[in-house]
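Protein chains in written order, with the numbering used here: chain F, 340 to 741; chain G, 340 to 741.
In short, the hints are calculated from the structure, not lab data.
By construction, the Cβ of each residue, glycine as well, lies at the ideal position given by its N, Cα and C atoms.
Take the hints with a grain of salt, since some may be wrong.
If the Cβ cut is set under 7 Å, some of the chain G residues that face chain F in the computed set are [unchecked claim]:
(1) 351
(2) 541
(3) 545
(4) 582
(5) 586
Number of protein chains: 2
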Amino acid sequence: MDLTVISPSVEHTHVTFPEGVQLDCGAVLAPVDIAYRTYGTLSPDRNNAILICHALTGDQYVAERHPVTGKPGWWERMVGPGKPIDTDRFFVICSNVLGGCMGSTGPRSLRPSTSQNTNTQADPWGTDFPPITIRDMVRAQRKLVESFGISRLFAVVGGSMGGMQVLEWAATYPEMVFAAMPIATSAFHSAQNIAFNEVSRQAIFADPDWHGGRYWETGAIPARGLAVARMMAHITYLSEEALTRKFGRRVRRCTDDGSTSPSAGALSTFGEIFEVESYLRHQGSTFVRRFDANSYLTITRAMDWMDIGQEHEGDFAAPFAGTPTRFCVVCFSSDWLFPTSQSRLIVRALTRAAANVSFVEIESDKGHDAFLLDEPDFDRTVAGFLSGAAEHAGLTNGKAQG
Amino acid sequence: MDLTVISPSVEHTHVTFPEGVQLDCGAVLAPVDIAYRTYGTLSPDRNNAILICHALTGDQYVAERHPVTGKPGWWERMVGPGKPIDTDRFFVICSNVLGGCMGSTGPRSLRPSTSQNTNTQADPWGTDFPPITIRDMVRAQRKLVESFGISRLFAVVGGSMGGMQVLEWAATYPEMVFAAMPIATSAFHSAQNIAFNEVSRQAIFADPDWHGGRYWETGAIPARGLAVARMMAHITYLSEEALTRKFGRRVRRCTDDGSTSPSAGALSTFGEIFEVESYLRHQGSTFVRRFDANSYLTITRAMDWMDIGQEHEGDFAAPFAGTPTRFCVVCFSSDWLFPTSQSRLIVRALTRAAANVSFVEIESDKGHDAFLLDEPDFDRTVAGFLSGAAEHAGLTNGKAQG
Chain F
340 MDLTVISPSV
350 EHTHVTFPEG
360 VQLDCGAVLA
370 PVDIAYRTYG
380 TLSPDRNNAI
390 LICHALTGDQ
400 YVAERHPVTG
410 KPGWWERMVG
420 PGKPIDTDRF
430 FVICSNVLGG
440 CMGSTGPRSL
450 RPSTSQNTNT
460 QADPWGTDFP
470 PITIRDMVRA
480 QRKLVESFGI
490 SRLFAVVGGS
500 MGGMQVLEWA
510 ATYPEMVFAA
520 MPIATSAFHS
530 AQNIAFNEVS
540 RQAIFADPDW
550 HGGRYWETGA
560 IPARGLAVAR
570 MMAHITYLSE
580 EALTRKFGRR
590 VRRCTDDGST
600 SPSAGALSTF
610 GEIFEVESYL
620 RHQGSTFVRR
630 FDANSYLTIT
640 RAMDWMDIGQ
650 EHEGDFAAPF
660 AGTPTRFCVV
670 CFSSDWLFPT
680 SQSRLIVRAL
690 TRAAANVSFV
700 EIESDKGHDA
710 FLLDEPDFDR
720 TVAGFLSGAA
730 EHAGLTNGKA
740 QG
Chain G
340 MDLTVISPSV
350 EHTHVTFPEG
360 VQLDCGAVLA
370 PVDIAYRTYG
380 TLSPDRNNAI
390 LICHALTGDQ
400 YVAERHPVTG
410 KPGWWERMVG
420 PGKPIDTDRF
430 FVICSNVLGG
440 CMGSTGPRSL
450 RPSTSQNTNT
460 QADPWGTDFP
470 PITIRDMVRA
480 QRKLVESFGI
490 SRLFAVVGGS
500 MGGMQVLEWA
510 ATYPEMVFAA
520 MPIATSAFHS
530 AQNIAFNEVS
540 RQAIFADPDW
550 HGGRYWETGA
560 IPARGLAVAR
570 MMAHITYLSE
580 EALTRKFGRR
590 VRRCTDDGST
600 SPSAGALSTF
610 GEIFEVESYL
620 RHQGSTFVRR
630 FDANSYLTIT
640 RAMDWMDIGQ
650 EHEGDFAAPF
660 AGTPTRFCVV
670 CFSSDWLFPT
680 SQSRLIVRAL
690 TRAAANVSFV
700 EIESDKGHDA
710 FLLDEPDFDR
720 TVAGFLSGAA
730 EHAGLTNGKA
740 QG
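The following block holds chain F by itself, in its conformation from the complex (with noise of 0.2 Å):
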């Protein structure tokens, strides 16, 4: 067993609950470990803090150089001193989601030991990980910022999945989240897009190196079918146009080596690649360097199982009857893996439920990843949401009192 393929590189930052959490599946979870990262001040109130969730191959390190891939962090455009979530004002927390694999436990956590032989080396818990569900990631996130001493968040933001935490947070916890800003999500997880969740599952099933998900034993990853599932996915985070304008049908030449050069040269069937194509390669093989297989397979599959309506019969107003929590909801046009229609349904059923919503379509070409990149009318909006709802808190303009 050569559990080096699927150690963690880098400590990172965790706090451990050894009660652990209730699942939804039934089971305890326990102990638990979640990893996080904070940026900015908490005020003496404890009252100005912001949790950010991330989508499903995020993580925490959100405005600081990833210490793994050595990138800057995923929304360091967005958080950050005077910022539009500005960490001179506001106590910043992000965590790792449970069944994520950058220090928060899921698949590749060592499993608590069963038996009475404490010589028995622990075994990762591979696809014995029990199922989660985006509640279950919000009860580990809660127990996080109850840490913390905070009672109640002041904004609790998220694109994507983390959208789909976002709503989970305000129907399950409504009276610890002032304001919420679920953002090109969905509050249930569409055909479609369970669908490509299953082909990209499929692909990682098919890697002779997946071995039934105990890759570890093997001391190899199923790195090719994890890199189609992220090549696949990738196409879905775009746009037809955000492809055609930086790509178009340009070609480039496939060096022996495998590496690829500019050229215009002779037509044949693999020697020259389109430069999407090679995009896409590079998209797949930097991936699999920082995440792990089994993570991918809960990770997608709690997001499949996202239907905020099921205990209400299919009532997507009901989970949020008599909420305090103010909204945005925020999606972007060109979005077709959470098209606006979905963010329309949030909005009406948050209308319906009489909650205090406001709604942003923002016109862009650059389809779901928008909210992750350079859109100036989305950092205005996340900038203007937050500062009315502050002076809503009757939280101070300043900065925070540390």
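Go by the hints and put chain G onto chain F.
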């Protein structure tokens, strides 16, 4: 070497062209077999022939039971006596495309021996099969058409990749095409479509049974990779609305033998699947029994290279300058693989070329596959255009004089 895994299970009607076909890549592919089916009767004047061009995974079995799958022909609802493409009136030809795997020369055809030693067993082409373009497919079809003594086709009709062939026919052999009906197609393959094709190819390459494309040597086919490719492609053929209507979020329980039955049982990671997942798995597993992986690679690459303006500095009108052909361009409102904007681009180009062109956008929520499904407006469009064109062509309105 076990050629049985890739050998055709049935004999297909075909014609052999010993001189072969001059390809866009510069090579001459010889000999070339073209497998075909015909329906109806060729008139004494040989002026009532309609060539139907099939899509990526289609074949020549348009309007009869498929000899491999046992299923009805892929366009039986459109082609037959009294149907929109009326075989009481027209002589319908459909051939398996060059590079295909249903009897026409393609990657699983045996490669002509280049050695003097005639005892050497011939190898299939495999990945050494020369790269094929849509125009190469059309060149091969032209030989077939001429072998019937037909100097001008009354019409060329096809959807998706079939529509690309329609455009290449009209551009390459304008005097041979009286009427052309490109359906749900494009004058070039977009970056997004290339991206989807690339993911499907990577899924095949990732299969351990791929063996660098020489899978026949091991007696297995890269079935899992090809199934993943098909599953992903299948999502792109439908629409979000169609998937929601057909499957919604209904679940079914997995049984131990891999079969499924409807269920609304307990939450588990993989013990229960959504109906849309079950459907996709079925689509994947049935596809691999009838389609060759190397053909899939060859044909998807041909689609990627489709760019009818390429030799005219991106001018899509130039290839059609002075065209005598009457066009009817058809698209479907919910088709996101070949969006209506791409059909509009064709119409604008044809208009600039002063062509006789009509344009019909059919309201449908069935996505790209709408051209294969029950769409009465589409049936009326096909029947109406062909009737009008037949009148202009001076074809008698009654049955062909056989």
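### Query
Can you give the numbers of the hints that this structure goes against, from lowest to highest?
Hint 1 contradicted; others consistent.
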